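Colleague: Sequence:
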Amino acid sequence: MKEASKLVLFIIMAMSIVSLIISMPTLIVTILMGIKYLALRALIAVIVGTVIFSITWVILNNQMDKELQKIDEELAEHKLKMEQLDK
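Under my numbering, the sequence shown has 10 at position 14, and the numbering climbs by one with no breaks.
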């Protein structure tokens, strides 16, 4: 289940990156051409893509931190057991 949620978050991040790649040049061109309606839509797409990317980045970072903390705890327990066996 956790692997599936990570995969979904990675897909969401990839989609937001693609959205930014498409909407940034559109924003620049429409501003230069003076098409305000399209520029506004492109600006909204850039903002939404950035917000979605940031949220998914934070969620993934927190999940990875929790997993690393669990691995560190398991490693500490294993080291303690090994030290007890050596005595």
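No lab work stands behind these hints: they were computed from the structure.
Among these hints, one or two may not hold up.
[As the list claims (entries may be wrong)] Each computed PhoX-like pair below joins lysine-lysine, with the alpha-carbon atoms no more than 25 Å apart:
id : residue 1 : residue 2
1  : Lys2      : Lys66
2  : Lys77     : Lys62
3  : Lys77     : Lys(-2)
4  : Lys77     : Lys66
5  : Lys2      : Lys77
6  : Lys(-2)   : Lys83
7  : Lys62     : Lys83
[Said to hold, decoys possible] Distance windows between CB atoms, simulated:
id : residue 1 : residue 2 : range
8  : Lys2      : Tyr33     : 37 to 43 Å
9  : Lys62     : Lys32     : 42 to 48 Å
10 : Ala10     : Tyr33     : 39 to 45 Å
11 : Glu79     : Pro21     : 33 to 39 Å
12 : Met20     : Glu69     : 27 to 33 Å
13 : Leu5      : Val25     : 29 to 35 Å
14 : Asn58     : Gly30     : 29 to 35 Å
15 : Ile7      : Glu63     : 18 to 24 Å
16 : Arg37     : Ile67     : 41 to 47 Å
17 : Arg37     : Ala0      : 52 to 58 Å
18 : Gln59     : Met29     : 27 to 33 Å
19 : Ile7      : Leu81     : 40 to 46 Å
Keep in mind the model is a prediction, meaning the values are calculated, not measured.
A virtual CB, placed ideally from N, CA and C, is assigned to each residue, including glycine.
Colleague: Is the distance from the Cβ of Arg37 to the Cβ of Ile67 consistent with 41 to 47 Å?
Modeller: Given about 45 Å between the Cβ atoms, the range holds.
Colleague: Sort out whether Lys77 lies within 25 Å of Lys2, counting only the CA atoms.
Modeller: The hint is violated at about 32 Å.
Colleague: Is 27 to 33 Å respected by the C-beta to C-beta distance linking Met20 and Glu69?
Modeller: Since Met20 and Glu69 have Cβ atoms about 42 Å apart, the given range 27 to 33 Å is violated.
Colleague: Could you see if the CB distance from Glu79 to Pro21 stays within 33 to 39 Å?
Modeller: Violated - the Cβ-Cβ distance for Glu79 and Pro21, about 59 Å, lies outside 33 to 39 Å.
Colleague: Arg37 and Ala0, beta-carbon distance inside 52 to 58 Å?
Modeller: Check failed, 33 Å falls outside 52 to 58 Å.
Colleague: Run the distance test for Lys77 versus Lys(-2): straight-line Cα separation, threshold 25 Å.
Modeller: Violated - the C-alpha atoms of Lys(-2) and Lys77 are around 29 Å apart, more than 25 Å.
Colleague: Quick check: does the Cβ-Cβ distance between Leu5 and Val25 fall within 29 to 35 Å?
Modeller: Holds: the Cβ-Cβ distance is about 31 Å, inside 29 to 35 Å.
Colleague: Is it true that Ile7 and Glu63 lie within 18 to 24 Å of each other by Cβ?
Modeller: holds (19 Å)
Colleague: Within a Cα-Cα threshold of 25 Å, do Lys77 and Lys66 meet the stated pairing?
Modeller: holds (17 Å)
Colleague: Is the Cα-Cα distance between Lys2 and Lys66 25 Å or less?
Modeller: This hinted pair holds, its Cα atoms lying about 17 Å apart.
Colleague: For the hint 29 to 35 Å, verify it against the beta carbon of Asn58 and that of Gly30.
Modeller: Hint violated: Cβ distance 43 Å, outside 29 to 35 Å.
Colleague: Sort out whether Lys62 lies within 25 Å of Lys77, counting only the CA atoms.
Modeller: Cα-Cα ~23 Å, so holds.
Hints 3, 5, 6, 7, 10, 11, 12, 14, 17, 18 from the earlier list are contradicted by this structure; the remaining hints agree with it.
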